[in-house]
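Number of protein chains: 2
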Amino acid sequence: MKLSRIISNAGEWLSGDGPHRQIVVSSRIRLARNLARTPFPGWAKRAERMDTLGLIRPAIESLDEMREAYAQNLTELTALERQVLVERHLISREHAAKGAGSAVVMNVEQTLSFMVNEEDHLRMQAIRCGLQLREAYATVDKCDTELSRVLDFAYHEELGYLTACPTNVGTGMRASAMLHLPGLVMSDLINKTINSVNKIGLAVRGLHGEGTEAMGNLFQVSNQTTLGESEEKIIDRLNDVIVHIVEHEENARQTLVERRATTVLDQVGRAYGILCNAHSMTSKEALNLLSVIKLGTDLGLFPDAARVTIDELFIETQPAHLQKGAQGQKMTADARDALRATLIRAKLKQLPEPDMTKVPATDVDIKEPNDE
Amino acid sequence: MKLSRIISNAGEWLSGDGPHRQIVVSSRIRLARNLARTPFPGWAKRAERMDTLGLIRPAIESLDEMREAYAQNLTELTALERQVLVERHLISREHAAKGAGSAVVMNVEQTLSFMVNEEDHLRMQAIRCGLQLREAYATVDKCDTELSRVLDFAYHEELGYLTACPTNVGTGMRASAMLHLPGLVMSDLINKTINSVNKIGLAVRGLHGEGTEAMGNLFQVSNQTTLGESEEKIIDRLNDVIVHIVEHEENARQTLVERRATTVLDQVGRAYGILCNAHSMTSKEALNLLSVIKLGTDLGLFPDAARVTIDELFIETQPAHLQKGAQGQKMTADARDALRATLIRAKLKQLPEPDMTKVPATDVDIKEPNDE
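So the protein lines, in turn, are chains A and B. Take 1351 as the starting number for the first sequence in this note's numbering and just add one per residue. Take 1351 as the starting number for the second sequence in this note's numbering and just add one per residue.
Take these hints with a grain of salt, some might be off.
What the hints assert, rightly or not - Pairs of lysine-lysine, DSSO-like flavour, derived with a Cα cap of 30 Å:
| no. | chain 1 | residue 1 | chain 2 | residue 2 |
| --- | --- | --- | --- | --- |
| 1 | A | Lys1708 | B | Lys1708 |
| 2 | B | Lys1680 | A | Lys1699 |
| 3 | A | Lys1697 | B | Lys1680 |
| 4 | B | Lys1634 | B | Lys1708 |
| 5 | B | Lys1549 | A | Lys1699 |
| 6 | A | Lys1680 | B | Lys1708 |
| 7 | B | Lys1699 | A | Lys1697 |
| 8 | A | Lys1634 | A | Lys1583 |
| 9 | B | Lys1583 | B | Lys1634 |
| 10 | B | Lys1583 | A | Lys1708 |
| 11 | B | Lys1549 | A | Lys1697 |
Calculated from the structure, these hints are not laboratory results.
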């Protein structure tokens, strides 16, 4: 299967449906596993990494779930193709930087992907639309069980699964959800929320995980610890917190609409006006403005059909995706910014104009005029 | 005549025509005159100021040019009405703050206005569309000659006209032009231009004269000195400099269109998108965005009919004009910002959409991609 087939497909987690879909963009479970008595990828020699690949890749490809899969050794992919996979969250930035012995295997729906020789010998992840942490875990857990029949995973009776980095020892699991929180950001409540979540031992990160900036009002919430708690308990705890954040976000949106309708209409209007008329746009600005349009859609200002267009633009306006669309021609950042703006204008013009009367403008008190 | 008749009229200088109209918004000549052997307004007692008014106002109203005039003592105007006149550049900020004894007289076309008991006993100004300093001077000079037949102006054989502030002694004249210089601003050439103009003894100021900020890419260029040179020479010198600046601005625009077309299209597009879709806007932002649309019209992106709409918005979106439009109800700054955005959206939606193909997009080189 070719990469183009993956790229032409938005991915089930993006185009699908799931609980709290408007706020919880996606749920993801990642398990880290390593072969027993085999050096971790960071310490392994090239031949050892190749041996690991030779053992793990066929095992993945023989899984029921992966009968129709896209599998590729990273050395067979260009830097651009790898970056496309990173932008889709199908491989990690770290994995994209690896060489011989590293590979990626994923299903067409892009709900299940495996990285061979990332930081660990094997990292497998399941991703679902909306709040479906338990469902994602069930999928990846099944794969893990099947793989453990043919692969000898490094496991310690007391510690659990052994991993290259001690922070993953135990379950080897990271459970996370990508949340769209424009209401909390616009209400200046986001930092308070992040602090509360941090205090109970969960992490909040930007769009591309650890060490990345929050863009487009997107935040990743995940477990920090992998020791001393079962996978189910970690997921339950994370799930409860996310339900709580979703409620906070819903309340924040409600309050904004009731008390600061003009501000909401202004921000959505401006985002729409700029996206429809700009001739140059960075990916960061595009993300931030599309986030506001996404909020506008949730508030009923745009027809529901706009949802797909906006979600597609979130993916397609990223640098590598744009570059890939340019028939392999290498582009300057300026050319990419111009192409991005052209793509967005064309797509948004297909949508009907927003109906701003769906959010009634706040009546502002008639008071003594202030100096300007 | 009522103030409403003045307000309903855009003013000849705004709606009219004149040389270099696209870049030179208006030309203005102001003469300062004082009555001999009479204390300057700042030192005069109330009764003395009333005497001055009693002498000067009838003399103005008997001028041929002022047969159909709007005349009002400032005490008969509300603070809001005075502010409307300030926003139209028909009276100065200082004059608006004066009390008993101060008055304003202007013709319906708003090309000629007289302030009684401002800093000086009498300030008269003529304003014209485009670069018409000489024409404006001829108008105001004629009034000055006629008035000097019935009023005894303080005049010193060596120094010339005596004024309250020594910087005006001599001709008592300030000649100025309001220039729209978005090309020089976008090309980062504006400071160089301002410095050159300053070096040859001319002043560059913001929208409302001395001590005000440059907004909407509008700059006032005027003479600094009033001693040692005849009115004609001062005007000739200023005129030459302005013609020079106009050339610079035209060159800057040409270069922008040829080398940075995407930037120009981007800025015009964004300004249009925001103006058409915002729901709250300060007067400063409105001025700045309207300035970009004005540039877009000069470049042919908007039909010529847009010119009137944009010029009207420049005036009508100012705080006092908006307030005045609200049937005397006092508004908060927030309410005014919302009303301003609504007014702009409504007016711009009457215009056809811009034709961005009129400026061909720059072809960007296809080069090695940069990291983003």
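- prompt: Between Lys1634(B) and Lys1708(B), does the CA-CA distance stay at or below 30 Å?
  reply: Holds. Lys1634(B) to Lys1708(B) sits at ~28 Å (cutoff 30 Å).
task: Given the hint that Lys1680(B) pairs with Lys1699(A), test it: the Cα-Cα distance must not exceed 30 Å.
output: Given pair Lys1680(B), Lys1699(A) is violated - Cα atoms ~40 Å apart, limit 30 Å.
field: Holds or violated: Lys1699(B) to Lys1697(A), with C-alpha atoms at most 30 Å apart
entry: Holds - the C-alpha atoms of Lys1697(A) and Lys1699(B) are around 21 Å apart, at most 30 Å.
query: CA of Lys1634(A) to CA of Lys1583(A), is that 30 Å or under?
result: Distance ~36 Å between Lys1634(A) and Lys1583(A) Cα, so the pair is violated.
- prompt: When you check the alpha-carbon spacing of Lys1583(B) and Lys1708(A), does it fall within 30 Å?
  reply: 63 Å, violated
task: Take the C-alpha atoms of Lys1680(A) and Lys1708(B), compute the straight-line distance between them, and say whether it is at most 30 Å.
output: 28 Å, holds
task: Would you mind confirming whether the straight-line C-alpha gap from Lys1549(B) to Lys1699(A) stays at or under 30 Å?
output: Cα-Cα ~50 Å, so violated.
field: Pair hint outcome, Lys1583(B) versus Lys1634(B) [Cα-Cα no greater than 30 Å]
entry: Measuring from Cα to Cα gives roughly 36 Å; hence the hint is violated.
- prompt: Taking 30 Å as the top limit, are the C-alpha atoms of Lys1549(B) and Lys1697(A) close enough?
  reply: Answer violated: Lys1549(B) to Lys1697(A) is near 52 Å, above 30 Å.
query: Does Lys1708(A) pair with Lys1708(B) here, judged by a C-alpha cut-off of 30 Å?
result: Violated, at roughly 36 Å.
- request: Take the C-alpha atoms of Lys1697(A) and Lys1680(B), compute the straight-line distance between them, and say whether it is at most 30 Å.
  value: The hint is violated at about 43 Å.
In summary, the numbered hints that this structure violates are 1, 2, 3, 5, 8, 9, 10, 11.
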